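Undergrad: Whenever a hint applies, use it, and build me the whole structure from the sequences.
The listed protein sequences derive, respectively, from chains U and A. Residue 338 in our numbering sits at position 338 of the first sequence; the count goes up by one each step and never skips. Residue 150 in our numbering sits at position 150 of the second sequence; the count goes up by one each step and never skips.
Worth flagging that the hints you see were computed from the coordinates, not collected in a lab. None of the hints are false.
Which chain A residues face chain U? A few, computed with CB under 8 angstroms, are given here:
1) 258
2) 262
3) 270
4) 343
Partial list, computed: chain U residues near chain A (C-beta under 7 angstroms):
5) 284
6) 299
7) 316
All values derive from a computational prediction rather than experimental measurement. Each residue gets a CB set at the ideal place from its N, CA and C atoms; glycine is no exception.
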Amino acid sequence: MNIDLLLAENEFRRQVRDYCERELPGEVRQKVLGNLFLTKEDNLRFLRSLAGRGWVAGHWPRQYGGAEWTPLQRFVFEEESMRCGAPWLIPFGVNYVGPVIYTFGSAAQKARFLPPILASEEWWAQGYSEPGAGSDLAGLKTRAVRHGDHYVVTGQKIWTSYAQWADWMFCLVRTSEESRPQQGISFLLIDMTTPGVTVRPIKTMDGCHHVNEVFLDEVRVPVENIVGEEGKGWSYAKFLLSNERILSAETGRSMRQLGHLKALVAGTPSDSVVDRAGFDRRIVQMELKLHALRAFCLAYARSMDPRQPPGVEASIMKIRGSELQQQISEATLDWLGSTAIVYDPADVHGERAISPVGPADASGAIREYLHGRASTIYGGSNEIQRNIISKAELGL
Amino acid sequence: MKQKIWLDETDAALDDAARRYTAERYRFDERQRLSVAARRFNPAVWKDLADMGWLGVATSEEAGGLGLRVGSICLLAEAAGRALLTEPLTSAGVVAPYLLARGGDAAQRDALLPRLHAGELRIACLLEPASVRVEAGRLHGRQQVVVDADVADHLLVRSGDGLWLLDASASGVTRQSYPLLDGRGAATLTFDGAEATRLASVGPADIEYALWLAALATAADSHGAMSAAFDLTLDYLKTRRQFGNPLGTYQALQHRAVDMYVALGESRAVLDQAIASLQAGTTDAARDVHAAKALVGESARRVTQEAIQLHGGIGVTDEYAASHYLRRARVNEQLWGSAEQHFMAFANAAPATIA
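TA: What follows is the structure, encoded as structure tokens:
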């Protein structure tokens, strides 16, 4: 192993930790450590604190305001910041649409849209899934019909995360009917204030408002807001989805949650775990899985060429990472025992000081468990990831 | 992500030679025609391995080897697992030469190392005996299932912090030999005042390091066995037809094959990390090795069991290779510290780099 690279990696890790301890707003960090729901303002405070170091979009090319992080630096930043209590960096602007725009967009689009993403002045949402197009995303039916200088868009999107905060939505729409469903799809940028856009919240089982339905009723979108070529949207969408998967292992989150569980076990007796040795063994099994996942991610990050799209390794990370998260949160609830059935969503919105029974952060742990059930579904369900590996790597 | 960060030119040459040798000279179907005894140990094969340098990857160049090469040790072990090689590679090709080179005196090294490297001498190693004691230079005690002791000329036996060398057929040594589940062999050794010589400069740290080497090599062996089982299974899914279609067109089977593939990728990463850190001597090396032995062992068991299930009936037969990989993996789990022991050692080793 190249020892200089290893030292540089450790030095960068120290810088990220240092940022979390000194510059990340303490209140935001405490909320993250307690697994509470974060408001838009919490997320903005986090992003503004990153801007000072030029870390909002560290992996972007320098010409667009990034720091040209290597894949390894990007991985280390995500892992270490999440481990130390930084929020999940909501990816729709910085990680998703930003790279699509600087890779496929026009000069005017780059000038118009990239700076506000870097400055956290404009929020983005992702208009991908539809009621009839989930895993089978190419089956989407939202139509965009060209009328002069505008596309007129009609249809419905669903599971649109944080659309309630969004100024813009990047959206997959059908601009023509072709023989293959992947053809005839275009990538449009839609101003959320345009007449005909309606956002309706979907409350999830943790009692929080993460996702929405977005109704589009004859929404007029200027033609200059199409990215790349009409009808080529699917290839841009695939580019974006592969970017999405690369960080999906979320090892930093699992490190934090496993640390939280170990602290809980050390400090709070369980009213339901009778076999303590068996429970300790379960923790070590999860530590071993985490060790393996990190070895896999680090090896991948060290060897990957950022100019090439991620391979099936990204799907492996998604599968293993999401499974591990769920196992950790499941074990945490098992330890909490009867305390884990006491839940009032008000607790995770900071509207009540502490939960009435059990450790103070029990509600957050329950929220993490409930919300975490989605991790094997979103971003391409784990079954879809297995289909991808089967086809692309195994040739089945 | 095919490249291994630790691989150098010597490794690549050894790897290439190992692939060719096992494919041409150690074919499963040809070996199946041999008697059980002939399959256990073949002197001609052993000589070939020596000639290719396989028995010198754990000793320094001045001692007549290629240097202590953790990566080479592991890639040869992986080839051995893949080929179901029954010759005593880890005992007589890694652990014994390493310990002799580290702690033998000049006379012991001169007398034994060249013959070990040349394949003229085989030494089995008993490094974690339950109850062997030394009184006035004589060994007393008994140990069951000492791997490769059935084909060894000499023995290295630990007692306390010391390591003792003796002739396997010395008076006071009783050896009851038996086959293992996978065609390799072992013996129960009974020492009743057998005369032995101490390897004067071997300390507990040397023995511990030798155990790490052996454990990691065994994990690599299991990785080889499970990747061969996976390749066989994937091929079968593509060629075997039922209900008018290749088995591999059914999603239920595709996803199981993917899970095997994921386990392989993960096992590869854990192994590579342990190889790199043991070679570099980082503070995490022991933890990485324990993790590798525990995790790869468990994955190998799971993957080789799945290989049998996905094959159906042919998978459980002796004439077909699938079941041999499972048996190989099960034996490996018990060698050089069981998977369970390494799991517990991993649990007790705190990570050093992040705290």
